[in-house]
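Number of protein chains: 2
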Amino acid sequence: MTPTIPQETEDPVSGEQPADSTRDRILQVASQIFAVKGYHGAGVSELGEAAGLQRGALYYHIGSKEDLLFDLCKRHVDEALTRGRAAVASTADPREQLRLLVHAHLNTLAERRSDVIVAEHEMRSLTGDRSVRLRALRREYQSLFEEVFERGVAAGVFRTAHPIDVMGVLGLLNYTYVWLDPKGPTSVDEIAERLVVLIVDGMAAH
Amino acid sequence: MTPTIPQETEDPVSGEQPADSTRDRILQVASQIFAVKGYHGAGVSELGEAAGLQRGALYYHIGSKEDLLFDLCKRHVDEALTRGRAAVASTADPREQLRLLVHAHLNTLAERRSDVIVAEHEMRSLTGDRSVRLRALRREYQSLFEEVFERGVAAGVFRTAHPIDVMGVLGLLNYTYVWLDPKGPTSVDEIAERLVVLIVDGMAAH
Numbered sequence: 001m002t003p004t005i006p007q008e009t010e011d012p013v014s015g016e017q018p019a020d021s022t023r024d025r026i027l028q029v030a031s032q033i034f035a036v037k038g039y040h041g042a043g044v045s046e047l048g049e050a051a052g053l054q055r056g057a058l059y060y061h062i063g064s065k066e067d068l069l070f071d072l073c074k075r076h077v078d079e080a081l082t083r084g085r086a087a088v089a090s091t092a093d094p095r096e097q098l099r100l101l102v103h104a105h106l107n108t109l110a111e112r113r114s115d116v117i118v119a120e121h122e123m124r125s126l127t128g129d130r131s132v133r134l135r136a137l138r139r140e141y142q143s144l145f146e147e148v149f150e151r152g153v154a155a156g157v158f159r160t161a162h163p164i165d166v167m168g169v170l171g172l173l174n175y176t177y178v179w180l181d182p183k184g185p186t187s188v189d190e191i192a193e194r195l196v197v198l199i200v201d202g203m204a205a206h
Numbered sequence: 001m002t003p004t005i006p007q008e009t010e011d012p013v014s015g016e017q018p019a020d021s022t023r024d025r026i027l028q029v030a031s032q033i034f035a036v037k038g039y040h041g042a043g044v045s046e047l048g049e050a051a052g053l054q055r056g057a058l059y060y061h062i063g064s065k066e067d068l069l070f071d072l073c074k075r076h077v078d079e080a081l082t083r084g085r086a087a088v089a090s091t092a093d094p095r096e097q098l099r100l101l102v103h104a105h106l107n108t109l110a111e112r113r114s115d116v117i118v119a120e121h122e123m124r125s126l127t128g129d130r131s132v133r134l135r136a137l138r139r140e141y142q143s144l145f146e147e148v149f150e151r152g153v154a155a156g157v158f159r160t161a162h163p164i165d166v167m168g169v170l171g172l173l174n175y176t177y178v179w180l181d182p183k184g185p186t187s188v189d190e191i192a193e194r195l196v197v198l199i200v201d202g203m204a205a206h
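Protein chains in written order, with full-length UniProt numbering: chain A, 1 to 206; chain B, 1 to 206.
If you are wondering where the hints come from, they were derived from the structure by calculation, not from laboratory data. As the structure is a computational prediction, the values presented were derived from the model and not from experiment. Check the hints yourself; a few may be wrong.
Identical copies carry no separate label here, and so any pair may be met within one copy or between two of them.
Keeping only pairs whose Cα atoms sit at most 20 Å apart, straight-line, the calculated EDC-like set for lysine to aspartate or glutamate is [as the list claims (entries may be wrong)]:
| id | residue 1 | residue 2 |
| --- | --- | --- |
| 1 | Lys65 | Glu96 |
| 2 | Lys65 | Asp189 |
| 3 | Lys74 | Asp181 |
| 4 | Lys37 | Asp67 |
| 5 | Lys74 | Glu111 |
| 6 | Lys74 | Asp24 |
| 7 | Lys183 | Glu46 |
| 8 | Lys37 | Glu66 |
| 9 | Lys65 | Asp24 |
| 10 | Lys37 | Glu122 |
Turn these sequences into a full structure, and let the hints guide you.
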């Protein structure tokens, strides 16, 4: 048997095409417009105009408006997952894993502001299989945290890995998108460090 | 001098009229439609249709679409403030004040789901003086928490009342609107009780 090169197949749900600069430009433009006007408030013609594309050309690149929303949400969770997994893989200490997860999370939010707003506000506008797939990805991200807390409970450093507590921690981190200002007087990593203390103490075994 | 009865004056920003059942019905309908389609995605004609009103009659009651959004956001913060103040007033123990604030917060979110979604997602669509006034109200709500933590620091039970920590706590509570299910297997008060432990331990003096 000779090794085979995996075929580029079109994604059945998102109609994803191989990455190209036009597509990236559309995603960038859509992220900003959806963040301001909302998914339902932004027309396809407006997206095309901002990207400098005719309607037909736009649809060729995006498939549908909902495909575009899905791709934006997915791009955001993919990025968070990649960084989160790297954080967890870099140490065996659950407390340090948590610390690195928090830094990774906040830095992702700070760098991808419009993607985050779109994902947070418009996720629920996804339907059918796209909604199912996005939820699965978000669930996977949550599992990263759950596993860290479970290892911490086993090691005697955390008191809980209960889903409600983990969702509380994730909510604390997610909600920072509302007030986190990368250009503010306190750096993203300083903010992360404060929140690490709050979370580690809040979840600590006594 | 004889005492004067304060005149009913029209609110210069929201164009608020004295409460009436038509107005309440419009707010209810708008809350649900804005929550699903977003503020920019919902047309005034759609709101009128859902409320059973002609365009002219609708505008008579709401002033403008942005007035309506402001009133929805304000109604939500007013409710949270009223409950929060009652919670703080009911005891002098900062830890108990925090516990009651958390219960009040989660119960408000659970009971006013569409208002919360609208407030969280569309607050930033408010402009000018409406935006300023809403921020001031939200700031006032945050102060309730800050003051509890400050009293707790003075009493030696909390280690911090730092704005970033307080915003972390508020974010944890606010973000529950995404996953809090009043009909789920765990009651809102049980969830609140778990989160109280997380927050109290996370903010505790050692």
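Against the structure, the hints:
no.	hint	in the structure
1	Lys65 <-> Glu96	neither (41 Å within a copy, 49 Å between copies)
2	Lys65 <-> Asp189	neither (35 Å within a copy, 40 Å between copies)
3	Lys74 <-> Asp181	neither (23 Å within a copy, 25 Å between copies)
4	Lys37 <-> Asp67	both (18 Å within a copy, 17 Å between copies)
5	Lys74 <-> Glu111	within (16 Å within a copy, 31 Å between copies)
6	Lys74 <-> Asp24	within (14 Å within a copy, 39 Å between copies)
7	Lys183 <-> Glu46	neither (30 Å within a copy, 40 Å between copies)
8	Lys37 <-> Glu66	both (15 Å within a copy, 14 Å between copies)
9	Lys65 <-> Asp24	within (15 Å within a copy, 34 Å between copies)
10	Lys37 <-> Glu122	both (11 Å within a copy, 9 Å between copies)
Hint compliance for this structure: hints 1, 2, 3, 7 are broken, all remaining hints hold.
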